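Colleague: So the sequence lines, in the order shown, correspond to chains F and S. Using the UniProt record's numbering, you'd call the opening residue of the first sequence number 1 and step up by one each time. Using the UniProt record's numbering, you'd call the opening residue of the second sequence number 1 and step up by one each time.
It should be emphasised that the hints constitute simulated quantities derived from the structure, not laboratory data. It should be emphasised that the depicted structure is a prediction, and the values quoted were computed from it without experimental measurement. Heads up, some of the hints might be wrong.
As the list claims (entries may be wrong) - Lysine-lysine pairs mimicking BS3-like chemistry, simulated, CA-CA at most 30 Å apart:
no., chain 1, residue 1, chain 2, residue 2
1, F, K206, S, K86
2, S, K86, S, K143
3, F, K143, F, K218
4, S, K257, F, K206
5, F, K116, F, K76
6, S, K79, S, K257
7, F, K218, S, K292
8, S, K218, F, K283
9, F, K200, S, K189
10, F, K292, S, K79
11, S, K292, F, K206
12, S, K189, S, K218
13, S, K189, F, K218
14, F, K110, F, K283
15, S, K79, S, K24
16, S, K257, F, K298
17, S, K283, S, K86
18, S, K283, F, K189
19, S, K218, F, K206
20, S, K189, S, K206
21, F, K292, S, K218
22, S, K200, F, K218
23, F, K143, F, K76
24, F, K218, S, K298
25, S, K189, F, K292
26, F, K286, F, K21
27, S, K116, S, K283
28, F, K189, S, K162
29, S, K116, S, K86
30, F, K218, F, K24
31, S, K298, F, K298
Number of protein chains: 2
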Amino acid sequence: MGKLLIVGTIAIDEIETPFGKTGKILGGAATFIGLAASQFDVETAIVSIVGDDLPESYLEILRGKDIDLTGTEIVKGGKTFYWKGKYHNDLNSRDTLITDLNTLADFDPKVPDHFKDADVVMLGNLHPSIQLSVINQMEVRPKLIVLDTMNFWMDNTLDELKEVIKHIDVITINDEEARQLTEEYSLVKAAAAIQEMGPKYVVIKKGEHGALLFHDEKVFFAPALPLEEVFDPTGAGDTFAGGFSGYLAATDNMSFKNLKNAVIHGSNLASFCVERFGTERMKTLKREEVNKRLFEFKALTQFDIELR
Amino acid sequence: MGKLLIVGTIAIDEIETPFGKTGKILGGAATFIGLAASQFDVETAIVSIVGDDLPESYLEILRGKDIDLTGTEIVKGGKTFYWKGKYHNDLNSRDTLITDLNTLADFDPKVPDHFKDADVVMLGNLHPSIQLSVINQMEVRPKLIVLDTMNFWMDNTLDELKEVIKHIDVITINDEEARQLTEEYSLVKAAAAIQEMGPKYVVIKKGEHGALLFHDEKVFFAPALPLEEVFDPTGAGDTFAGGFSGYLAATDNMSFKNLKNAVIHGSNLASFCVERFGTERMKTLKREEVNKRLFEFKALTQFDIELR
Numbered sequence: 001m002g003k004l005l006i007v008g009t010i011a012i013d014e015i016e017t018p019f020g021k022t023g024k025i026l027g028g029a030a031t032f033i034g035l036a037a038s039q040f041d042v043e044t045a046i047v048s049i050v051g052d053d054l055p056e057s058y059l060e061i062l063r064g065k066d067i068d069l070t071g072t073e074i075v076k077g078g079k080t081f082y083w084k085g086k087y088h089n090d091l092n093s094r095d096t097l098i099t100d101l102n103t104l105a106d107f108d109p110k111v112p113d114h115f116k117d118a119d120v121v122m123l124g125n126l127h128p129s130i131q132l133s134v135i136n137q138m139e140v141r142p143k144l145i146v147l148d149t150m151n152f153w154m155d156n157t158l159d160e161l162k163e164v165i166k167h168i169d170v171i172t173i174n175d176e177e178a179r180q181l182t183e184e185y186s187l188v189k190a191a192a193a194i195q196e197m198g199p200k201y202v203v204i205k206k207g208e209h210g211a212l213l214f215h216d217e218k219v220f221f222a223p224a225l226p227l228e229e230v231f232d233p234t235g236a237g238d239t240f241a242g243g244f245s246g247y248l249a250a251t252d253n254m255s256f257k258n259l260k261n262a263v264i265h266g267s268n269l270a271s272f273c274v275e276r277f278g279t280e281r282m283k284t285l286k287r288e289e290v291n292k293r294l295f296e297f298k299a300l301t302q303f304d305i306e307l308r
Numbered sequence: 001m002g003k004l005l006i007v008g009t010i011a012i013d014e015i016e017t018p019f020g021k022t023g024k025i026l027g028g029a030a031t032f033i034g035l036a037a038s039q040f041d042v043e044t045a046i047v048s049i050v051g052d053d054l055p056e057s058y059l060e061i062l063r064g065k066d067i068d069l070t071g072t073e074i075v076k077g078g079k080t081f082y083w084k085g086k087y088h089n090d091l092n093s094r095d096t097l098i099t100d101l102n103t104l105a106d107f108d109p110k111v112p113d114h115f116k117d118a119d120v121v122m123l124g125n126l127h128p129s130i131q132l133s134v135i136n137q138m139e140v141r142p143k144l145i146v147l148d149t150m151n152f153w154m155d156n157t158l159d160e161l162k163e164v165i166k167h168i169d170v171i172t173i174n175d176e177e178a179r180q181l182t183e184e185y186s187l188v189k190a191a192a193a194i195q196e197m198g199p200k201y202v203v204i205k206k207g208e209h210g211a212l213l214f215h216d217e218k219v220f221f222a223p224a225l226p227l228e229e230v231f232d233p234t235g236a237g238d239t240f241a242g243g244f245s246g247y248l249a250a251t252d253n254m255s256f257k258n259l260k261n262a263v264i265h266g267s268n269l270a271s272f273c274v275e276r277f278g279t280e281r282m283k284t285l286k287r288e289e290v291n292k293r294l295f296e297f298k299a300l301t302q303f304d305i306e307l308r
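Model the full structure from these sequences, guided by the hints.
Modeller: Written as structure tokens, this is what we have:
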């Protein structure tokens, strides 16, 4: 059983979609990553920070999935990172209504000693200096370091982002962010430019249009499963990252061939995440359901080529 | 060898992209469909109309691919359908600068007697009444009738469009058009609604994001090959349709399994079309190049699922 170290936010979210509104619910990148990774046989820990306003029951959801929270600091009298957002009718775009960093503003991650030898490190979307600090705390170079980021850090902390990118193996990024980071419109050219910056593997997420995995001259494409209805896209990208990194930690095989499987597993889990608000679907997701849908993924793209 | 009947425009195009401008060049839906279909062992005819201003050398390009033009009327003193368009920087959207219907305004298609038993009929994007007239001229019900259309006909001739849709087997349509036709945002729901209207198969084209094939509860996805550069998207959708229908006519197998292969062949040929202006790439495309890229398509999506 491999070890997976996750660094990212545990948050309180409030979400509005065309289908309804939530009250305050459990959210955050590390939460979705951890829940997805828990589908695999892997020892998982989350390094994060929350306030003591976070309901104990939320932490119990994560502990119930055997996720180690010894590296998650609970600040007495502090408030948990809070995000409120509203999705537009097409669910492809959203407005952030409120972002309160709260305790996250002072996040100084501490990797627990017993995870300083993790096989895979999954750096959720955070300030690049925090991501770099985690890498520097590792005692053994992890077999794979995966980094997620977003346009906010390109706009505000580009130098720090480029520094941490030098030290990672896989970056996950969406198509517009890949273009922004490289000033290349073609995703093929953008992925090549990002590989020049450090990561051997580039995953470009295209939401409902699937994800591309680039490595050297090779490219692999995983579609998103066409769904009758997307209910709430919150956490889909993090769920993808959690499935991707969790599968790789569990299988302990960092070959391109296995990274392709990891992309499929990540896409598969993300297709569940969007079916309910927040973490609802992921909390109770069964392995049988996951395996059944994997076969749908296979049927979706597999064909017998016939040359003429 | 199967017989393929194509109905559609043969046009004079002028195109401007960020990479340059063409003068007047050969274009039109039937042209691109025919050139793509000529990659397969199939007897092909085009029913169309042009003016005698169309350079004889343009018709020779089609005849040189063994395409029967006896059903293409050349109007003495008439002018050929003319389209001028300019693509935006991202090449995903374009402005039509000029559309002169010319002889197309009076197009009354006449299917040649020796193609009234065609195995596959490919109805290019035209007024739905013209498309219906072609179906009505067939002496034997074709094994497969494929129809391409666009939002213009939904805006202006919706009743006629719905009538012809009742009589076809496959519709090819883009994602926005599928949504417009059905008032369903989810493509899964839209495809189901279109199947209720008549066609057993629905192909939803998503441009650079690939194409989906729906049939009953089944769905198949073909990605677009990630390209370093898209040079000119003109004709890509028609090339897809030509590859799709040409492959099916040549293989004489209208099963869902073979339609999946046809979608891959169509996507493969479209990936060449966009590499040069107009028909330039398709005119000289060699079977070896086509087969080589088919293997790239296979590598792009094939994986070995591993259940846990």
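Colleague: Would you check the hint for K218(S) and K283(F), treating anything up to 30 Å between C-alpha atoms as holding?
Modeller: holds (28 Å)
Colleague: Please verify whether K218(F) and K292(S) have alpha carbons no more than 30 Å apart.
Modeller: Distance of about 15 Å is within 30 Å: holds.
Colleague: Mind checking the alpha carbons of K206(F) and K86(S) for me, to see if they're no more than 30 Å apart?
Modeller: Given that 30 Å is the threshold and the Cα spacing comes to 26 Å, the pair holds.
Colleague: Verify the proposed pairing of K189(F) with K162(S), using a straight-line Cα cut of 30 Å.
Modeller: violated (43 Å)
Colleague: Given the proposed pairing of K116(S) with K283(S), does the C-alpha separation stay at or below 30 Å?
Modeller: Since the Cα atoms of K116(S) and K283(S) sit roughly 27 Å apart, the hinted pair holds (cutoff 30 Å).
Colleague: Measure nothing beyond the straight line between the CA atoms of K143(F) and K76(F); if it is 30 Å or shorter, mark the hint as holding.
Modeller: violated (35 Å)
Colleague: Can you confirm whether the C-alpha distance between K283(S) and K189(F) stays at or below 30 Å?
Modeller: holds (27 Å)
Colleague: Given the proposed pairing of K110(F) with K283(F), does the C-alpha separation stay at or below 30 Å?
Modeller: holds (26 Å)
Colleague: For a C-alpha distance cap of 30 Å, please report whether K86(S) and K143(S) respect it.
Modeller: violated (38 Å)
Colleague: Check whether the Cα positions of K218(F) and K24(F) lie no farther apart than 30 Å.
Modeller: Violated. K218(F) to K24(F) sits at ~43 Å, over the 30 Å cutoff.
Colleague: Is the Cα-Cα distance between K257(S) and K298(F) 30 Å or less?
Modeller: holds (14 Å)
Colleague: Hey, K283(S) versus K86(S), does the alpha-carbon distance stay inside 30 Å?
Modeller: Distance of about 23 Å is within 30 Å: holds.
Checked against the numbered hints listed earlier, the structure breaks hints 2, 6, 9, 10, 13, 22, 23, 28, 29, 30; every other hint is satisfied.
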